[in-house]
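Peer 1: These protein sequence lines are chains A and B, in that order.
Heads up: the first sequence begins at 1 in my numbering, then just goes up one per residue.
Heads up: the second sequence begins at 1 in my numbering, then just goes up one per residue.
If you are wondering where the hints come from, they were derived from the structure by calculation, not from laboratory data.
Mixed in with the good hints there might be a few duds.
[Said to hold, decoys possible] DSSO-like, lysine-lysine: derived pairs with alpha carbons at most 30 Å apart:
| # | chain 1 | residue 1 | chain 2 | residue 2 |
| --- | --- | --- | --- | --- |
| 1 | A | 145 | B | 72 |
| 2 | A | 178 | B | 72 |
| 3 | A | 196 | A | 145 |
| 4 | A | 178 | A | 188 |
| 5 | B | 11 | A | 196 |
| 6 | A | 188 | A | 145 |
| 7 | A | 188 | B | 11 |
| 8 | A | 178 | A | 196 |
Spelled out, the chains give:
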Amino acid sequence: MTERSNAQWLEDLRGDAAVRDPALTDLRARLQRGIFFYLSRERSDLAGLANEEITQMAEDFAQDATLRVLDNLDSFRGDSQFTTWAMKVGVRIAITELRRSHYKDYSLDTLTANGDLQLPATSLVNAAAPDRPEAATEKSDVLQKIDAAFEDALTDRQRQALQLLMLDGVSLDEVAEKMNTNRNALYKLVHDARRKLRQHLEAQGLSPEYIMRLFEAR
Amino acid sequence: MDSNDLIELVKRIYSTHEADIDCDTCDEQLDCLAELVAIGYDAALLLPAVQRHLDCCGSCRETFRALLCIVKAQQAGELT
Chain A
1 MTERSNAQWL EDLRGDAAVR DPALTDLRAR LQRGIFFYLS RERSDLAGLA
51 NEEITQMAED FAQDATLRVL DNLDSFRGDS QFTTWAMKVG VRIAITELRR
101 SHYKDYSLDT LTANGDLQLP ATSLVNAAAP DRPEAATEKS DVLQKIDAAF
151 EDALTDRQRQ ALQLLMLDGV SLDEVAEKMN TNRNALYKLV HDARRKLRQH
201 LEAQGLSPEY IMRLFEAR
Chain B
1 MDSNDLIELV KRIYSTHEAD IDCDTCDEQL DCLAELVAIG YDAALLLPAV
51 QRHLDCCGSC RETFRALLCI VKAQQAGELT
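Generate the whole structure from the sequences, applying the supplied hints.
Peer 2: Structure below.
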């Protein structure tokens, strides 16, 4: 496999077929090796798959990534090795496709328990019961304030996004797709929601140290 | 949801900063960051805003961890 500088990668991939095709072959092979390594070593959820299946997945993701890289050469800024930048594209494709496959049969309603939000207070009030009565009351009071903060400070859309991302553990890409938005807009929506919650809770006199001390104490 | 989940939620809420960056801005820096972290640099010192984003954003964090493990394997000669 030919070693290339960043400039040589760009020049070859933008060149005519005589130089572009070998560069594409090299790039695809590098991406495939890296993605295969990730899938086989780091993805415990794929542990039950045969080696051939993982190899095929890596080939498919590497092929998609190679095309994506080719379409986006102008966005390479040169801050890293070209191959590291390309590998980032490949990794993102692999992760996104695996998530999509994982959640393909779910709807938003399913993910949010048929639309009913599972907010902290409603699900944790009972957890306070085994404590001493005064501690249980204090926890219950704080949980009610957190619950009220979700209700009072956030829009329905912010509540839904927070529920899915932070409580249900659904991925950002998947939630963005389900909510008909994009990653950046969704991140901003959630960022604003977190900021509003923080301001609301601070206005109630609830510091993070106090809340953590209260709920970590057993 | 148990107490650990609640504490994690509270940490995320209170870790919000006005200067937080979005996913695209974070993504632009992940390849460079992975190369530097792979040779021992501290992401929180190099790019604190990116590290804060990674602390809050599971999606970008997963991408970074995956890329980092590949870059480390490359540097260790495991992918040649």
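Peer 1: Against this structure, judge whether each hint is valid.
Peer 2: We went through each hint and held it up to the structure:
For a cut-off of 30 Å, the pair hint linking residue 145/A to residue 72/B is broken: about 45 Å separates their Cα positions. Annotation: proposed proximity of residue 178/A to residue 72/B is violated, straight-line Cα distance about 34 Å (limit 30 Å). For a cut-off of 30 Å, the pair hint linking residue 196/A to residue 145/A stands: about 14 Å separates their Cα positions. Under the criterion of a C-alpha separation no larger than 30 Å, the hint pairing residue 178/A with residue 188/A is consistent with the structure, at around 16 Å.
With a CA separation close to 14 Å, the supplied pair residue 11/B and residue 196/A stays within the 30 Å bound. Of the pairs offered as hints, the one joining residue 188/A and residue 145/A holds, with about 24 Å between alpha carbons and a cut-off of 30 Å not exceeded. Restraint check for residue 188/A and residue 11/B: the C-alpha separation of about 18 Å stays at or below 30 Å, so the hint holds. Between the alpha carbons of residue 178/A and residue 196/A the distance comes to roughly 23 Å, so the proposed pair stays at or under 30 Å and holds.
Checked against the numbered hints given earlier, this structure breaks hints 1 and 2; the rest are met.
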